[in-house]
Amino acid sequence: METGYAIAECNRGARMGLKTLANKVVEYDARLARGKADEIKPEHVRKVLGKLEKKTADLKAEIASTEKEDKKARLKRKLAIALEHVERAEWLLDKIT
Amino acid sequence: MTKYYLPVAIGALMLAFWVSPNAQEIAAGVAIFLFGMLMLEDGFKLLGGGTLERLLERATRSVPRSILFGIVSTTLLQSSSLVSVITISFLSAGLMSLMGGVGIIFGANIGTTTGAWLVAGLGLKVNIAAYAMPMIALSIILVFQKSKVLRGVGYALAGLGFLFLGIHHMKEGFEAYKDQIDLLRFALPGLVGLVVYTLLGTVSTVIMQSSHATMVLVLTALAAGQITYENALALAIGGNIGTTVTAIIGSLSANFQGKRLAVAHLVFNLTTAAVALIFIGQLRDAVDWVSAMVGINAEDYALKLAVFHTIFNVLGVVLMLPLMRRLVSALERRIVEPAPDVSRPRFLNNAVDAFPETLESALRKEVLHLHENATELIQHGLNLHRHEIFETDDIARTVRESRTASDLDVEEGYERRVKTLYSAIVEFTTRAGDKQLPPQVAQKVYDLRDVASDIVQAVKSVKHLRKNVLRYTTRYEGAVTELYDGLRTEIARILVEIRKLELADPEERSSLWLDQEQAQIEEDARETTRHIDRLIRTGKIKPNAATSFLNDSAYAYGAMRQLIKAARAYYIERDSSVAEVEKLLALDEDDFGPGAAG
Chain A
1 METGYAIAEC
11 NRGARMGLKT
21 LANKVVEYDA
31 RLARGKADEI
41 KPEHVRKVLG
51 KLEKKTADLK
61 AEIASTEKED
71 KKARLKRKLA
81 IALEHVERAE
91 WLLDKIT
Chain B
1 MTKYYLPVAI
11 GALMLAFWVS
21 PNAQEIAAGV
31 AIFLFGMLML
41 EDGFKLLGGG
51 TLERLLERAT
61 RSVPRSILFG
71 IVSTTLLQSS
81 SLVSVITISF
91 LSAGLMSLMG
101 GVGIIFGANI
111 GTTTGAWLVA
121 GLGLKVNIAA
131 YAMPMIALSI
141 ILVFQKSKVL
151 RGVGYALAGL
161 GFLFLGIHHM
171 KEGFEAYKDQ
181 IDLLRFALPG
191 LVGLVVYTLL
201 GTVSTVIMQS
211 SHATMVLVLT
221 ALAAGQITYE
231 NALALAIGGN
241 IGTTVTAIIG
251 SLSANFQGKR
261 LAVAHLVFNL
271 TTAAVALIFI
281 GQLRDAVDWV
291 SAMVGINAED
301 YALKLAVFHT
311 IFNVLGVVLM
321 LPLMRRLVSA
331 LERRIVEPAP
341 DVSRPRFLNN
351 AVDAFPETLE
361 SALRKEVLHL
371 HENATELIQH
381 GLNLHRHEIF
391 ETDDIARTVR
401 ESRTASDLDV
411 EEGYERRVKT
421 LYSAIVEFTT
431 RAGDKQLPPQ
441 VAQKVYDLRD
451 VASDIVQAVK
461 SVKHLRKNVL
471 RYTTRYEGAV
481 TELYDGLRTE
491 IARILVEIRK
501 LELADPEERS
511 SLWLDQEQAQ
521 IEEDARETTR
531 HIDRLIRTGK
541 IKPNAATSFL
551 NDSAYAYGAM
561 RQLIKAARAY
571 YIERDSSVAE
581 VEKLLALDED
591 DFGPGAAG
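Sequence lines, in order, name chains A and B.
Using the working numbering, you'd call the opening residue of the first sequence number 1 and step up by one each time.
Using the working numbering, you'd call the opening residue of the second sequence number 1 and step up by one each time.
In short, the hints are calculated from the structure, not lab data.
For each residue, glycine too, the CB sits at the ideal point set by N, CA and C.
Among the hints, erroneous ones may be present.
Incomplete in silico selection of chain A near chain B, CB under 8 Å [to be verified]:
1) L21
2) V48
3) L52
4) A82
5) R88
6) A89
7) L92
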């Protein structure tokens, strides 16, 4: 249920987030074409995704072991952000693979 | 005491020059010798970061390797004193461990015995001073080369040349005193003779700056029948003690590690000498036995002296090896590393300027140093204690319990601990900008300068809070205290999260974690405004206090944003492609607005 809350929060911002990400990718492609950015390969995205998934798992474990309600609420908000990042990373990986 | 040192030293030198013209040459010899030490250090630093570090790392990876390195290098250079001073330079430049250095010193004491064999067996004397002039002349060509390695070799070669030249001038200066060393005058039998000749060997080596020279003197006297064989053994023991003086002179310009090594050398040679003197009879029998075994004539005292020199130095190493770790620990306790002055730059020094590739690394460390100072100042400014905040599992509770006013003068602390470091960082990055660095390195250098700027801005923002933090948080005054406690808690949380990033494995951490904190503070900032409205409406807070708080909260959230911005840039992935990914995935300002994911 706690995770469900986080996912719902995440989905709420996800639509806008992915749109922002798409715009940033267009801007990145332009920089790459000008030689002002380093090329991103799937393994680079996978590396970040791995870190994010570990963070997500850590947050879920911390939420499960936390009793104080206010701390739990803070952690859930953090989890929502982490899940948003994971979703963006998966989208980016899909786009460049 | 320190203020009298310079005039007293200059006065003593002038007096010595007036009394004895020889003193000029001796003092110049010492000065040239120390100058050589400094050049050697510079050379090794230039060679650092690459081949030399790897070579030394391999050569001193274990104690047996260090000892072997000491034996080989001393055999080649024919001077244990020189190997000691070079080792002190290596240590001062941070290119090896103290353990490795002590191992080399042990090896050098064995390596030096080859000189006795050369003198006694072949009648050879390698005159290192003769190489000084060509070394210095060749070195200057290398020093003006563009290649860092060639310049490093040039400085090291010049350093060695000046060391030799310094020793040469010291010897020349002492020439007048040398004639006064008449061994016959001290020809004494028994224990007294042993002690006197040991002291004589020490003094003679100190004066002539060479245990080899002492050995020549001893062999000549022995051959002429001026001294007994036992007296000659004592002179050889004394020579070993005297050779440590060169290392002690060398350590004067070295850091604490160099001084530790010089003392280790002295302890090793004194202990070995004491053991040799106590068991002189047994050692003499051992020499006779070994000499007979290898076919040395019983009357060939010169070669027997070389056998003795070898046995007693090897014995010293065998005796001291089991005590090596204890010796190193004792030295680390006795000669402590000076406590770093937090108000001064720790990493941005001239040595770093000489290593363009370590420039970014040193700047990173200095910016972290600035962040540590800023963290402490911010927390004290909020009447919090760093260790309590970093150790607690309930930040809000720890903040509520922190009601004692910190006696820190925030303004003075800012000037001393933050502004001085920031100035040094700005000066360093400006200097770095003139070095024509590769564009990526230059960008990282400027990014780090911006990180420092954000940290400084955060401290400035917190300075604005100080007055009302003192007014409202040192005792509970209801809603207004709770409001300020809220701000203190949020700033403390950000500092804790940044610390977690610092402590995390670089392969596992991500600057994206900071988005979670950014989202939280933006939400808290919005909630704070709504909360203030409610408190004013219900009369729980007076309008003037509310106004002050709204001003202060703007500074507080500003400080939090600046700290996050600084941490985001500081902890960005080092791999630039992965860093691009993180930048793409990071949430933007719009994402933190009302109704966003966070």
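Consistency of the hints with the structure:
no. : hint : result
1   : L21  : 6 Å, holds
2   : V48  : 5 Å, holds
3   : L52  : 7 Å, holds
4   : A82  : 7 Å, holds
5   : R88  : 5 Å, holds
6   : A89  : 6 Å, holds
7   : L92  : 6 Å, holds
When held up to the earlier numbered hints, the structure conflicts with none and fits them all.
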